[in-house]
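Asker: Listed here are the chains, written in short residue letters.
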Amino acid sequence: MWGLILPALVGSALAGALSGLLGVCALRLQLSSVGFAMAHAAFAGAALGLLVPVPPLLLSFLFALGVAALLGPVSEFTRLPAEVVLGVSFPLTMALGFVFLALAPGEAFGSPALSLLWGSLLGVGWRDVALLSGVLAGSGGLLLLFRREVLSVLLDRRLAEEAGIPARPYLWLILFLIAAAVAASLRLVGGILIYSLLLLPASAASQLAYDMKKLLLLAPLIGALSSLGGFAASWRFDLPVGAAIALVAAGAFALATLLSPKRRRPQPAK
Amino acid sequence: MERAIELVGVAAGYAGADRPAISGVSFSLGQGELGVLVGPNGAGKTTVLEVILGLLPYQSGSVRVLGEEVREAGTRLRRRLAYLPQDLFFPPDTPYLTRDVVMMGRFGLYRPWRRLPRKERELAQGALAGFGLADKAGWPIGHLSGGQQRKALLARAFAKGAQVLLLDEPFASLDPEAREDLARAVLRLREQGMTVLAVLHEDVLLAQADRAFLVREGRLEELPGVPRRIHDLWEQALPCGG
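In order, the protein sequence lines correspond to chains A and B. The numbers in the first sequence follow this note's numbering, run straight up by one, and end at 1565. The numbers in the second sequence follow this note's numbering, run straight up by one, and end at 263.
It is worth saying that the hints were derived from the structure and are not from the lab. Errors might be hidden in some of the hints.
Claimed, not checked - Subject to a maximum C-alpha distance of 30 angstroms in a straight line, what follows is the list of computed BS3-like cross-link-like pairs (lysine-lysine):
{"id": "1", "chain 1": "A", "residue 1": "Lys1557", "chain 2": "A", "residue 2": "Lys1509"}
{"id": "2", "chain 1": "A", "residue 1": "Lys1509", "chain 2": "B", "residue 2": "Lys140"}
{"id": "3", "chain 1": "A", "residue 1": "Lys1508", "chain 2": "B", "residue 2": "Lys140"}
{"id": "4", "chain 1": "A", "residue 1": "Lys1508", "chain 2": "A", "residue 2": "Lys1557"}
Claimed, not checked - Chain A stretches covered by chain B per the calculated footprint, using a threshold of three residues with CB under 8 angstroms from any CB of chain B:
{"id": "5", "stretch": "1446-1453"}
{"id": "6", "stretch": "1459-1469"}
{"id": "7", "stretch": "1498-1505"}
Think of the CB as a built atom: it goes at the ideal place given N, C-alpha and C, for glycine as much as any other residue.
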């Protein structure tokens, strides 16, 4: 039994940490729907994988990275606001996903691509764990290496430029890391609920910390704990894993809001 | 006097617009001078600042700052400039400490893999102390008042060692006391040799300005003298009320 549980357990902790880390960036960029759009793009990629002889996981990554490209270089070139690009890409990729499923041979609703929408504990193996570890190590490493540049861009793009930091490449780097995190976490959490794992731990952490450096440590921790808690609940009560993780992450956010020093009323001077 | 800023026949604009936001703009500002840009909204004042900073490419003409052509110097030149954008106020939940925002002005000086020397933190702390914000260094930047946030950004410019300071409506949304306080801080920077170019809609700083430029409909002209009050300028130069 542990052979089945262990990769899923480690994988959920890694997915939580990764989503928490990149969720802080998504939140600062005010791109709350970015996870949603990228997850559906990854779903469309996986569905295409049923039609063409290319691994669905690879196509998931390529489609999610495609949304990052639309948000970065293409949005810049066409001068379309990010929210418009996200608003267009979400229904487009969702529709493409279902068209690919309908065209795929066999029963569409039992297909492995559709499980990417809801997430599945049983689908997680050591290869997924290795992939999540790699993406987490890569993202963490790049964010650490370029921490000053990323922190500057996340504060204000104009101030970053004023400091002599070219904001555009770092903004694109952040978008591509978010896409990679979404695609890597998809099999575990599912496309619909990755959105919650990306934003809830980051939102919970932002209730507790005033400093980006603390936020970037706290959010992955909350993400990992939420994932483990959701995983345990899913196993114990036979719930869909993505939904259980989202519920625990929402609980963590509610708790953080209650305990937040930001909610405390100022004390009168003695 | 050596020129800190020199624009000759500059035209620049935004993509999609049917005509350039500014055209034929020529003026210069000597080192240590305080120049003010005045004029109605939408006249092109912010565009002039963005061109000087290199944030907006210019289609024709020449823009030289501290002896370097902006188009060729790129981000390297920006490390010697400081800019206070018009609408930049940090909301209360901004997760950055004031000291860090000041330090970040110098981040462009270091390669990503280089460790930030300890002196950077002391430099930021000292700069904040110089602007009366020593006790606010460890506060989240969003917890400072609007005037204090602007002063923290001036401290950032000072810590950065900027030689040119570009201010876009720095006194907007501030109460009279905060305006005076901020104006004193700007003048201190000029006394230390910093060249200052400010877009103004208020009388604050006008009396101390060395030169004034009127911008309207994308054109810039130097005024024969610095007006004492913006209102006088409206009456003389823009009889229709701008």
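Asker: Compare the distance between the alpha carbons of Lys1508 of chain A and Lys1557 of chain A with 30 angstroms, and conclude whether the hinted pair is satisfied.
Answerer: holds (18 angstroms)
Asker: Regarding the pair Lys1557 of chain A and Lys1509 of chain A, is the alpha-carbon distance no greater than 30 angstroms?
Answerer: holds (15 angstroms)
Asker: Does Lys140 of chain B lie within 30 angstroms of Lys1508 of chain A when you go C-alpha to C-alpha?
Answerer: holds (19 angstroms)
Asker: For the stretch 1498-1505 of chain A, count the residues whose Cβ lies under 8 angstroms from any Cβ of chain B; is that count three or more?
Answerer: holds (count 3)
Asker: Counting residues of the stretch 1459-1469 of chain A with a beta carbon closer than 8 angstroms to any beta carbon of chain B, are there 3 or more?
Answerer: Result for this restraint: holds, n = 3.
Asker: Tell me if chain B covers the stretch 1446-1453 of chain A under the three-residue, 8 angstroms CB rule, please?
Answerer: holds (count 5)
Asker: Does Lys140 of chain B lie within 30 angstroms of Lys1509 of chain A when you go C-alpha to C-alpha?
Answerer: holds (22 angstroms)
Taken one by one, the earlier hints all hold for this structure without exception.
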